[in-house]
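Yeah, the first sequence ends on 550 if you go by this note's numbering, and it's all consecutive.
No lab work stands behind these hints, which were simulated from the structure alone.
Glycine included, each C-beta is placed from N, C-alpha and C at the ideal position.
Check the hints yourself; a few may be wrong.
[Stated by the list, open to error] Derived DSS-like pairs (lysine-lysine); straight-line CA-CA distance at most 27 Å: (1) K508 / K444; (2) K250 / K184; (3) K211 / K227; (4) K389 / K377; (5) K316 / K144; (6) K130 / K140; (7) K429 / K439; (8) K200 / K211; (9) K439 / K377; (10) K211 / K259; (11) K227 / K286; (12) K144 / K184; (13) K111 / K129; (14) K140 / K259; (15) K316 / K129; (16) K286 / K140; (17) K507 / K444; (18) K481 / K508; (19) K25 / K129; (20) K111 / K286; (21) K377 / K507.
[Unchecked claim] DEER-style ranges, computed between Cβ atoms: (22) T128 / H311: 48 to 58 Å; (23) H151 / V405: 50 to 60 Å; (24) K259 / E153: 33 to 43 Å; (25) D137 / K466: 51 to 61 Å; (26) Q82 / K200: 51 to 61 Å.
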Amino acid sequence: MGKVLADRPDLKPKAREIAKLASEIVSEVNKLSLDEQRRILEEEYAWLLQEKPKKEEKKGLPPLPNARPGQVVTRFAPNPDFVIHLGNARPAILSDEYAKMYRGKMILRFEDTDPRTKKPMKEAYDLIKEDLKWLGVVWHEEHIQSLRMPIYYDIAREIIRRGCAYVDLCGEKSRELLRAGKYCETRDKPVEWQLEQFEKMINREYGEGEAVLRMKTDPRHPNPSVRDWVAMRIIDTEKHPHPIVGSKYWVWPTYNFAVSVDDHLMGVTHVLRGKEHQVNTEKQLYVYRCMGWEPPTFIHFGRLKLEGFIMSKSYIRRLIEENPGRFLGYDDPRFGTIAGLRRRGILPEAIREVIISVGIKPGDAKISWSNLAAVNRKLLDPIADRIMFVSEPVLLRVESPSCIEGEIPYHPDRPERKRRIRLCPGDKVYITKSDAERGEVRLMGMGNFRVENDKLVFVNESLEYARARKLPIIQFAPARDAVRTEVLVPEGLELKKVGGYAEAALREYGVDSRLQFVRFGFVRIDSVSDSVIAIFTHE
RNA sequence: GCCGCGGUAGUAUAGCCCGGCCCAGUAUGCGGGCCUUUCGAGCCCGUGACCCGGGUUCAAAUCCCGGCCGCGGCACCA
12 MGKVLADRPD LKPKAREIAK LASEIVSEVN KLSLDEQRRI LEEEYAWLLQ EKPKKEEKKG
72 LPPLPNARPG QVVTRFAPNP DFVIHLGNAR PAILSDEYAK MYRGKMILRF EDTDPRTKKP
132 MKEAYDLIKE DLKWLGVVWH EEHIQSLRMP IYYDIAREII RRGCAYVDLC GEKSRELLRA
192 GKYCETRDKP VEWQLEQFEK MINREYGEGE AVLRMKTDPR HPNPSVRDWV AMRIIDTEKH
252 PHPIVGSKYW VWPTYNFAVS VDDHLMGVTH VLRGKEHQVN TEKQLYVYRC MGWEPPTFIH
312 FGRLKLEGFI MSKSYIRRLI EENPGRFLGY DDPRFGTIAG LRRRGILPEA IREVIISVGI
372 KPGDAKISWS NLAAVNRKLL DPIADRIMFV SEPVLLRVES PSCIEGEIPY HPDRPERKRR
432 IRLCPGDKVY ITKSDAERGE VRLMGMGNFR VENDKLVFVN ESLEYARARK LPIIQFAPAR
492 DAVRTEVLVP EGLELKKVGG YAEAALREYG VDSRLQFVRF GFVRIDSVSD SVIAIFTHE
C-alpha cells in the first residue's frame, strides 16, 4: 500500500479506494499456501525479487543554510583564559569544515575583553593556536579584541547617536529597576548628554560600577537579562591589568557588544556556536537592528561531553592547583583538553571524524570513550608498529639444544620490515606472569616452549603444533637488552602505572611515537631516557 | 520559578521541514563464527530504538494537543 503510493503519488486522492482494493487482494493471497505464493511470485513477478541496489550512505555534514560557495565566512572565537577542550573543538572544527566545504574563509578571534573575572592567560593565545593547528584547522585572519578597543568606542558613540544606547548612572539600583520592568532615569536624557557621559567614562571620571552603557531594548522583555543589556562597562585596569594592553583602557565592551561589532565588521556570514549562546543571539540582534546591519546566520548546537573525562576549564585548573604533583599539567591524559587527548595518543583526524559525525544538532551529545577509541583505533592500526612489552614480568631461563632465531615484522601488513631475535641456551627472557602459568606457550615468532619452574624448555618450532594445541602466542622480552618500561594507564581520575620490560626494538622509537604493544594495547611514547614511559591510549 | 531548546538501540547519528518506498538505515558496543604467528585489524552472522498518552488521517518516528524527562539561559562572564 505504502509502496504503491510512494511510486505513484498521483494516486493519493484515491487512497481510500486503493486501501480497500489492497486489503481484498491481501486476504485473497493469504488464502493460498506459502509455497503456492512463492511459486506464483517466482513465475509471474520475478522482477520483484531483484534486490534494488543499496543507496550509498552519505557521510559528512549537512548543507549550511543560506550558504553560497565562495561567500561563506565563519569564525572561531575562544576566550584565551585557558587551553581549549573537546567541547571547544566542536565550533572550531565545524567552522573550519564549513569554510572548507564552501571554499570560504575562517577567522580566529581571541575574545579577551574581561581582564577582571575572566583574566586572559598570556600563554593561552599561543597554546590555542597550537591546538588548532594540530587539529588541522585553517584560519585566514587572526584578531585579538583587546587590540581593537578604539573600534568598539567608535561604534558605541554611533549607537548612542542613533539613540539606541544610554549611560546608566543608577549603579546597583538598575538591576532591581529592570527586574521590575522599569529603568534608570538617565535613559531618557538627550543624546548629547549621553555622549558627554560616555566620554567621561572613557576619561576615567567614573569608577567601576558607577556608570555603564546600556542598549535600549524592551524594558519588559520576558527574559530579564535581555532588558537593556550592558554594552560597555568600566574595569579598573590599575587593579586588574590586562596581560596584553595593561592599564591602557578603562572602559571595556561586553561579550555581546564586541561580538556583534566584530562579526559584522569582519564579514562573518555564519556563526556556529553552542546553545548557551541562544539568548546572546537575541541580544546581539539589537545591535544589528540599530546599525542597520544584516545579521549573519546563527546555528546553535548542543553541548558535547566526553564520557569519563573532565572538560570544564575551571575545574581542571582547580584540580591542578589543589593537588600539586598529582597531574601532569593541563595536558594530562585524564583531561578532555585537546592537549590531553593529544598526549593520550588520540589522532586529530579521529577528533574531527567524531565531531563531524555528531553534526550540528541542537541536542546534547555524550560521546562514549569506546566510540572515540574505536575511531582512533581504525586510524592507528595501519600505522602503528607492533612492539612486545611484558607487563608483570617473570624471568625465565631458556633451555634448548641450540640457538633459536626468529624474525618478527613490525607490522603484519608490511612483513618485509622486521627485526631478528635470537635466543640461546641459558638466555634469560621476560614473559608475563599469567602467561607463565599456562604450561605450554608459543613465543611469538620463535617457537613453542614448556614452562618448568624458572625454565623455558624448547619444544619445537612448528606453528601447526601450536595451532593444534591452541597454545597462546605470547610476547616476550630477552633480558639481555630489555628496556625498562612504564605504561601510564588513565582510568577516570586515576593514573595507574604498569611496569615491565619491552624488547630492545623499542629503543628505535622516540617521544610521540604511536605503537601497539602486542596483546596490551596502543600507546604513545611520552618520554625516553634509560627507561621509557608510555601512555596507554586504548586497547 | 521564569524564558528557550530537545527527547530514535548502551553510545552517536540518518529519517522529521514536504505523513506512505521505515515491521526504521549507519557506525560503535555486545554475542557468535571465519581468517590470522597479538586478546589487534579485516570479513560474515546475530543482538538491540522511534519517551508516554490522546487526536488528525485510509496511513504517523514524521502533523496537532497534553504529560514526563533532559539540557541551556536568567551577569557590569565569554
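Okay, the hints, checked on the actual structure:
For the hint linking K508 to K444, the alpha-carbon distance of about 17 Å falls within 27 Å, and the restraint holds. The straight-line distance between the Cα atoms of K250 and K184 is roughly 24 Å, inside the 27 Å bound, and the hint therefore holds. Our distance criterion of 27 Å between C-alpha atoms is met by K211 and K227, whose separation comes to about 20 Å. Between the alpha carbons of K389 and K377 the distance comes to roughly 21 Å, so the proposed pair stays at or under 27 Å and holds.
Our distance criterion of 27 Å between C-alpha atoms is met by K316 and K144, whose separation comes to about 22 Å. Of the pairs offered as hints, the one joining K130 and K140 holds, with about 18 Å between alpha carbons and a cut-off of 27 Å not exceeded. This hinted pair checks out: K429 and K439 have alpha carbons roughly 22 Å apart, not beyond 27 Å. Taking the CA atoms of K200 and K211, the gap is near 15 Å; set against the 27 Å cutoff, the hint holds.
With a CA separation close to 48 Å, the supplied pair K439 and K377 exceeds the 27 Å bound. Our distance criterion of 27 Å between C-alpha atoms is met by K211 and K259, whose separation comes to about 16 Å. For the hint linking K227 to K286, the alpha-carbon distance of about 24 Å falls within 27 Å, and the restraint holds. A C-alpha spacing of about 47 Å is found between K144 and K184, which places the hinted pair above 27 Å, so the restraint is violated.
About 32 Å separates the Cα atoms of K111 and K129, which puts this hinted pair outside 27 Å; it is violated. Straight-line distance between C-alpha atoms of K140 and K259 comes to about 25 Å, which keeps the hinted pair within the 27 Å bound. Using a Cα cut-off of 27 Å, the hinted pair K316 and K129 holds, with the two alpha carbons roughly 23 Å apart. The straight-line distance between the Cα atoms of K286 and K140 is roughly 24 Å, inside the 27 Å bound, and the hint therefore holds.
Pair hint K507 plus K444 holds up; C-alpha atoms about 19 Å apart against a cutoff of 27 Å. This hinted pair does not check out: K481 and K508 have alpha carbons roughly 31 Å apart, beyond 27 Å. For the proposed pair K25 and K129, the alpha carbon gap of about 66 Å is over 27 Å, so the pair is violated. As the CA atoms of K111 and K286 are separated by approximately 23 Å, the hinted pair is consistent with the 27 Å bound.
Note on K377 and K507: the hinted pairing holds, with a Cα-Cα distance of about 25 Å set against a maximum of 27 Å. Restraint check, T128 to H311: a C-beta distance of roughly 24 Å breaks the suggested window 48 to 58 Å. Here the CB-CB span from H151 to V405 is close to 58 Å, well matched to the stated 50 to 60 Å. Evaluation of the 33 to 43 Å hint for K259 and E153 yields a failure: the beta carbon distance comes to about 20 Å.
At roughly 57 Å, the beta carbons of D137 and K466 sit within the given window of 51 to 61 Å. A hinted range of 51 to 61 Å is violated for the C-beta pair Q82 and K200, which are about 42 Å apart.
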